[in-house]
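Chains as they are written, first to last, in my numbering: chain A, -9 to 173; chain B, -9 to 173; chain C, -9 to 173.
What the hints contain is simulated information worked out from the structure, not anything from laboratory work.
Among the clues, some could well be false.
Pairs count within a copy or across copies, as identical chains cannot be separated in the list.
[What the hints assert, rightly or not] For lysine to any residue, the following SDA-like pairs were computed, each having C-alpha atoms within a straight-line distance of at most 20 Å:
id: 1; residue 1: Lys63; residue 2: Ala120
id: 2; residue 1: Lys142; residue 2: Leu152
id: 3; residue 1: Lys75; residue 2: Met107
id: 4; residue 1: Lys108; residue 2: Met134
id: 5; residue 1: Lys18; residue 2: Glu163
id: 6; residue 1: Lys75; residue 2: Gly99
id: 7; residue 1: Lys108; residue 2: Met136
id: 8; residue 1: Lys109; residue 2: Met73
id: 9; residue 1: Lys12; residue 2: Asn166
id: 10; residue 1: Lys104; residue 2: Met93
id: 11; residue 1: Lys63; residue 2: Thr100
Note that the structure is a prediction, hence the values are computed from the model and not measured.
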Amino acid sequence: MDMQNLEVQFDELKSQVEALNKKAAENKLSMIVFSGDLDKVLAAFIIATGAVAMGMEVVMFFTFWGTPVLRDKQKNVGGKDMMGKMFGAMLPTGTGDVKLSNMNMGGMGTAMMKSLMKKKNVASLEEMIALAEELEVRIYVCEMSMDLMGFKREEMIAYKDLTFCGVAKFLEEANNSRITLFI
Amino acid sequence: MDMQNLEVQFDELKSQVEALNKKAAENKLSMIVFSGDLDKVLAAFIIATGAVAMGMEVVMFFTFWGTPVLRDKQKNVGGKDMMGKMFGAMLPTGTGDVKLSNMNMGGMGTAMMKSLMKKKNVASLEEMIALAEELEVRIYVCEMSMDLMGFKREEMIAYKDLTFCGVAKFLEEANNSRITLFI
Amino acid sequence: MDMQNLEVQFDELKSQVEALNKKAAENKLSMIVFSGDLDKVLAAFIIATGAVAMGMEVVMFFTFWGTPVLRDKQKNVGGKDMMGKMFGAMLPTGTGDVKLSNMNMGGMGTAMMKSLMKKKNVASLEEMIALAEELEVRIYVCEMSMDLMGFKREEMIAYKDLTFCGVAKFLEEANNSRITLFI
Chain A
-9 MDMQNLEVQF
1 DELKSQVEAL
11 NKKAAENKLS
21 MIVFSGDLDK
31 VLAAFIIATG
41 AVAMGMEVVM
51 FFTFWGTPVL
61 RDKQKNVGGK
71 DMMGKMFGAM
81 LPTGTGDVKL
91 SNMNMGGMGT
101 AMMKSLMKKK
111 NVASLEEMIA
121 LAEELEVRIY
131 VCEMSMDLMG
141 FKREEMIAYK
151 DLTFCGVAKF
161 LEEANNSRIT
171 LFI
Chain B
-9 MDMQNLEVQF
1 DELKSQVEAL
11 NKKAAENKLS
21 MIVFSGDLDK
31 VLAAFIIATG
41 AVAMGMEVVM
51 FFTFWGTPVL
61 RDKQKNVGGK
71 DMMGKMFGAM
81 LPTGTGDVKL
91 SNMNMGGMGT
101 AMMKSLMKKK
111 NVASLEEMIA
121 LAEELEVRIY
131 VCEMSMDLMG
141 FKREEMIAYK
151 DLTFCGVAKF
161 LEEANNSRIT
171 LFI
Chain C
-9 MDMQNLEVQF
1 DELKSQVEAL
11 NKKAAENKLS
21 MIVFSGDLDK
31 VLAAFIIATG
41 AVAMGMEVVM
51 FFTFWGTPVL
61 RDKQKNVGGK
71 DMMGKMFGAM
81 LPTGTGDVKL
91 SNMNMGGMGT
101 AMMKSLMKKK
111 NVASLEEMIA
121 LAEELEVRIY
131 VCEMSMDLMG
141 FKREEMIAYK
151 DLTFCGVAKF
161 LEEANNSRIT
171 LFI
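Chain A extracted, bound-state conformation:
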């Protein structure tokens, strides 16, 4: 092989490596938080903060039943239509209202689990969200779910890096993530 030949082949290899670099997943974890159960949302935040601690970037997309978990109980907003008022009343208002997916037993199981978590020094959901905020976990909230459930942006929790968006924007993140979970 002569020098010129080598150069040509080299350039081709270089562009292949460039393409691979573009396709390579980033050190990132993406999660779709579809569930609004206390245990599952808690697991999502434990995974999220654990991943940040390991140097990963984290994006959480809250959709469907996950959306009302991010409402702020203190914030009452008016101007809702009847459907919005009904959903507003029926769905949990924030972290304090969410229940276990299992063994809720009319709230007793959930209360028991919360007291147990305190005793065992496991962070509560509220503390986990605060930690996630500090660790710069990005939160996306599904616009379609907000619209369907009649939620207003003003009634959601204050969280530094919270964006309202559609599924497409989330999929863009997931598409170059090492790990994507549906919770």
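Use these hints to put chains B and C onto chain A, whose structure you have.
The following block gives chains B and C in isolation, referenced to the frame of chain A:
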């Protein structure tokens, strides 16, 4: 380094790049649709069609409770054994029969959600499946689930790209996908 | 381009390929088994053993409701506090105790499914776990869940490759896996 040495090293690098190219994930999303809940199946199709819109290839593997969602209410088939008849009667017969995983409230919540979706111009499950078919989303149906539940191929919906297969064929797809979800 | 120039560029490309090699996902599947439902845990093991059969390495992380599935009914341990005793009594004790997520119908649906699986020659959960052990599927058990539920290591099943660890250790595995699922 002389020319010959460089060539040897170059060839080695080339084969490494080839190996990387083979291992690199494709621009593809794979989903295991295990759940038969209206909200979760709907979410699966929203994700599927959204991903196609972004240029991704999509494969959905329907298994366990997800399987009866793809039955066609119009198609009655005979020749089932007793177990098959029982499952046939107890499991939902297609999209019209599926319920919310949450707040179903004896069907009222599901009906409310459906009417709300219509009002907000969110596509129904039937419309989403038609859209997925048009967008060439591939559907795999788990053969073991079909067999367990006593379903016959003739009672499933007409869908252009529908294949009956085992978990191994799905895992092959997932293995070179950028995103794989269990829903 | 002269020889020296080519060499410099070649070395740069080489280090890029090295970096890509380090980042490339391994032929590995990771699963978080959060659910303790018979159908979901069964699906997890079907996926796990199917993946091994395809030449993949498999790691399963049992957490929350998934943890009690791995208890051994034969092993009674003492020295638990009141909370530990309560959870011990309320949560399923191993594979024989777990229920379907759907159509359990007071245990009748679960019994029906089990007898159906036997009839159709689908392996039971106990058989699947034995097969997974033989196929060298690695099992991680979440230490936080063990602690929360008051489980002792001595009451878990004998399984060759079982490790008690935190979420960080699992995320390390997931981070270089081709597929990661949350079940």
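Hint-by-hint comparison with the structure:
no., hint, in the structure
1, Lys63 / Ala120, "within (16 Å within a copy, 40 Å between copies)"
2, Lys142 / Leu152, "within (14 Å within a copy, 40 Å between copies)"
3, Lys75 / Met107, "between (33 Å within a copy, 16 Å between copies)"
4, Lys108 / Met134, "between (35 Å within a copy, 13 Å between copies)"
5, Lys18 / Glu163, "both (9 Å within a copy, 14 Å between copies)"
6, Lys75 / Gly99, "between (28 Å within a copy, 15 Å between copies)"
7, Lys108 / Met136, "between (32 Å within a copy, 15 Å between copies)"
8, Lys109 / Met73, "between (40 Å within a copy, 11 Å between copies)"
9, Lys12 / Asn166, "both (9 Å within a copy, 16 Å between copies)"
10, Lys104 / Met93, "within (13 Å within a copy, 23 Å between copies)"
11, Lys63 / Thr100, "within (19 Å within a copy, 26 Å between copies)"
This entry satisfies every hint, going by the numbered hints stated previously.
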